[in-house]
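Asks: Below, each chain spelled out in residue letters.
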Amino acid sequence: MKRATETPSILRDLRSLKVVVIHPQDQDGEELLAQLQRIGCEVQMFWPQLECLPPDTGLVLMAMRPETLGTSFPWLGTNTSPPVIPVVTYENPITIEAVLRLNAFATIPSPVRSFGLLTAIAVALTQCKVSRARERYIERLEQKQAKLRVIQQAKQIVMNARKVSEEEAYQLLRSQAMVKREQIETIASEIVKAHETLSF
Amino acid sequence: MRTTGASPTVTMTRKDSGFASGDASTPIRIGVLYSRSGVTSAAEITQLQATMLAAEEINRAGGVCGREIELVCVDPQCVPRRYASLAEQLIVEHRARVIVGCYMSSTRKAVIPIVERHNALLFYATPYEGFEYSRNVIYTGAAPNQNTLPLAGFMLSQFGSRVSMIGSDYVCPYESNRVMSDLILERGGEKVDETYLALDAPWQSYLEAAQRIRQLAPDFIFSTVVGEGIPHLYRAFAHVGLDPYRMPIASHMTSEAEIAVMGSDLAEGHITSAAYFQSVGTAANQAAVARYQERFGAAQTTNMCWEAAYFQMHLLADAIRRVGSDDPALLLRVLPGLEYDAPQGRIRIDEHNNHTYLHPLIGRVNARGQFDVISRAPARVKADPYVVSHTPPAWTAAVPAELARAGGDR
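Order-wise, the sequence lines are chains A and B.
The first sequence begins at 4 in our numbering and counts up by one.
The second sequence begins at 6 in our numbering and counts up by one.
Since the hints were made in silico from the structure, they are not lab data.
Every residue gets a Cβ at the ideal spot worked out from N, C-alpha and C, and that includes glycine.
Take these hints with a grain of salt, some might be off.
Claimed, not checked - Facing chain A, a subset of chain B residues (Cβ under 7 Å, in silico): (1) Tyr138; (2) Tyr175; (3) Val176; (4) Asp187; (5) Asn358; (6) Ser394.
Stated by the list, open to error - Taking lysine to aspartate or glutamate pairs in the DMTMM-like style, the calculated list, with each CA pair at most 25 Å apart, reads: (7) B:Lys114 / B:Glu273; (8) B:Lys196 / B:Asp224; (9) B:Lys196 / B:Glu180; (10) A:Lys21 / B:Glu233; (11) B:Lys114 / B:Glu233; (12) B:Lys387 / A:Glu45; (13) A:Lys21 / B:Glu356; (14) B:Lys196 / A:Glu169; (15) A:Lys21 / B:Asp389; (16) B:Lys387 / B:Asp224; (17) B:Lys387 / A:Asp16; (18) B:Lys387 / A:Glu33; (19) B:Lys114 / A:Glu33; (20) A:Lys150 / A:Glu188; (21) B:Lys196 / A:Glu193; (22) B:Lys114 / A:Glu34; (23) B:Lys114 / A:Asp31; (24) A:Lys21 / B:Asp187; (25) A:Lys183 / A:Glu193; (26) B:Lys114 / B:Glu62; (27) A:Lys166 / A:Glu138; (28) A:Lys196 / A:Glu169; (29) A:Lys132 / B:Asp187; (30) B:Lys387 / A:Glu34.
Only chain A is shown next, with the shape it has when bound in the complex (with noise of 0.2 Å):
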């Protein structure tokens, strides 16, 4: 038995959608257009160059073709470049590998039929917010990581200089920061870097 949840907030949101096709204008770049505009959103198509996207753009489609296997996009693979699913032609490894480093969360076959569309897109936009907060969420770990290894040096040369236990090293660090209103791991990075400097 199924019950009726809330409507995930992707779907709710298709219809301010600004979706950037970069295909040409046959069959299929016609039938991606029309089920497109039948979900609803907003699409511009392109074809076969785009130098810069238009903005708010919050996802794209691609095909695969030889002309945009040799174009470059300077908007593609940044942090912010919106999702891309790939139109696919040919399965031949040349075009895969160009599909793998597009980081695609789905891809669209041809010929493009209209039903799919709909849930590659869920996917696509889901999947990239998932994976954009994942990111997000490694780089503060690593951030925390580099001030533990930094406050861990610290403590070290304090131990070492004025022969306390790590706990006490630790406290004075702490002490130390409080007084000159500083982080502990600023105070810590100043100590590794006088400690450094002597060390020659």
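Chain A is fixed; fit chain B onto it per the hints.
Replies: Then chain B, alone, in the frame of chain A:
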């Protein structure tokens, strides 16, 4: 509900190797996929008879392009894989290029790969949950924005937003309940119960559900039960002593076909949203109902699925006339944008989504088992099968409360 016998224009599962070519002497074969037995057969039999009536009307008027319409009727017995195999049989063995039929979404989903593979065309005359477009399907029943949405807008503004939901356990009810749930939550209302029952659930299950609903005392019951469960639900509701005028069952699937099975005493006071009721006062409807009862018996009733099955045949005949062929590729050039004076009023096939502009109505069952219209859309409404976030149309909130509560002629 009586089943149909063979008529001169109808071939009942006759296998035939002949070609349906463009020759003026050969008939145009249309495959007909409606179940004569099984859980949703009450409505499907009316769709079958509506199809036969329309085909006979077309043939009496000289056929299309001088050719007769020949129906090849098969009985899928409400089993999805039978719809698929019979659809293939109609296309491959009977050389039908166009099929009318299917009822539950599972049956349509089973047939779509077949019509797409053979580039045939399916006319689908039943309300469904939306989120679909196949270039090989013409959808003549309502999408959620044409039935669930008006019903939700009407019920939530006229009766309140403590809602109990009961449905058959398959995809269309889930989706209707999603739309309803969103609208309830937006208003700060409450979903007091949500029950799904198997398509073949026994009377006892409905009785237990009705007893629970009675305890919960919601403002109204939203039913997405289909087929044989509908009479059970309404009977259980009456059995536990609930008053439809205070706490109605609101549905977009309960039609005159199910009321004929359960009896009007059980149905009176309950509310249905549809693009057509038998009581619609257009001249086209009165004439069509009269011809139908003359052909199939004075006791026969019509309903929303009947009407879509009826007008889609005339629409199809018109399209064949325009291109001089039953080739789906040619038909699809003229069907988008095509209009027809259907019993409900003038309808139109949308240019972009193959769905139909319809005239949404809210009706309440009267003592004769017919619907009194208590609210109606001011103009026909475009089908929007991919809309996710719904806003109820203003007309559903603009009904005087006395009318909504008391029904048309009470």
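Asks: Each hint should be assessed against the structure and marked as holding or not.
Replies: Quick rundown of the hints versus the structure:
Because the smallest distance between the Cβ of B:Tyr138 and any Cβ of chain A comes to about 5 Å, under 7 Å, the interface hint for this residue holds. Because the closest C-beta pair between B:Tyr175 and chain A is about 10 Å apart, greater than 7 Å, the hint is violated. The interface hint given for B:Val176 is broken, as the beta carbon of that residue sits about 9 Å from the closest beta carbon of chain A, more than 7 Å. Given hint, B:Asp187 at the interface with chain A, holds; its Cβ is 6 Å from that chain's nearest Cβ, closer than 7 Å.
About 5 Å separates the beta-carbon of B:Asn358 from the nearest beta-carbon of chain A, less than 7 Å, and the hint is met. With a cut of 7 Å, the hint placing B:Ser394 at the interface with chain A holds, because the nearest CB-to-CB distance is about 5 Å. Note on B:Lys114 and B:Glu273: the hinted pairing is violated, with a Cα-Cα distance of about 34 Å set against a maximum of 25 Å. Restraint check: the Cα-Cα separation between B:Lys196 and B:Asp224 comes to about 10 Å, which is no more than 25 Å; the hinted pair holds.
Using a Cα cut-off of 25 Å, the hinted pair B:Lys196 and B:Glu180 holds, with the two alpha carbons roughly 15 Å apart. Between the alpha carbons of A:Lys21 and B:Glu233 the distance comes to roughly 45 Å, so the proposed pair goes past 25 Å and is violated. At roughly 21 Å between alpha-carbon atoms, B:Lys114 and B:Glu233 fall within 25 Å of each other, so this suggested pair holds. Using a Cα cut-off of 25 Å, the hinted pair B:Lys387 and A:Glu45 holds, with the two alpha carbons roughly 19 Å apart.
At most 25 Å may separate the alpha-carbon atoms for a hinted pair to count; A:Lys21 and B:Glu356 meet this at roughly 23 Å. With a C-alpha separation of about 59 Å, the suggested pairing of B:Lys196 with A:Glu169 is violated against the 25 Å cut-off. Restraint check: the Cα-Cα separation between A:Lys21 and B:Asp389 comes to about 19 Å, which is no more than 25 Å; the hinted pair holds. For the hint pairing B:Lys387 with B:Asp224, the CA-to-CA distance comes to about 30 Å; that exceeds 25 Å, so the pair is violated.
Of the supplied pair hints, the one linking B:Lys387 and A:Asp16 holds, its CA atoms being roughly 21 Å apart against a limit of 25 Å. For the suggested pair B:Lys387 and A:Glu33, the alpha carbons sit about 22 Å apart, so the restraint of at most 25 Å is met. The hinted pair formed by B:Lys114 and A:Glu33 meets the criterion: a straight-line CA distance of about 24 Å does not exceed 25 Å. Between the alpha carbons of A:Lys150 and A:Glu188 the distance comes to roughly 6 Å, so the proposed pair stays at or under 25 Å and holds.
Annotation: proposed proximity of B:Lys196 to A:Glu193 is violated, straight-line Cα distance about 60 Å (limit 25 Å). Proposed proximity of B:Lys114 and A:Glu34 is supported: the alpha carbons are some 20 Å apart, at most 25 Å. Of the pairs offered as hints, the one joining B:Lys114 and A:Asp31 holds, with about 23 Å between alpha carbons and a cut-off of 25 Å not exceeded. Proximity of A:Lys21 to B:Asp187 is assessed by CA-CA distance (about 24 Å); at most 25 Å being required, the pair is judged to hold.
Using a Cα cut-off of 25 Å, the hinted pair A:Lys183 and A:Glu193 holds, with the two alpha carbons roughly 12 Å apart. For the proposed pair B:Lys114 and B:Glu62, the alpha carbon gap of about 30 Å is over 25 Å, so the pair is violated. With a CA separation close to 41 Å, the supplied pair A:Lys166 and A:Glu138 exceeds the 25 Å bound. In summary, the hint linking A:Lys196 to A:Glu169 is supported, as the alpha carbons are separated by about 20 Å, within the 25 Å threshold.
Straight-line distance between C-alpha atoms of A:Lys132 and B:Asp187 comes to about 23 Å, which keeps the hinted pair within the 25 Å bound. For the hint pairing B:Lys387 with A:Glu34, the CA-to-CA distance comes to about 21 Å; that is within 25 Å, so the pair holds.
The structure fails to meet hints 2, 3, 7, 10, 14, 16, 21, 26, 27 from the earlier list, while all remaining hints are met.
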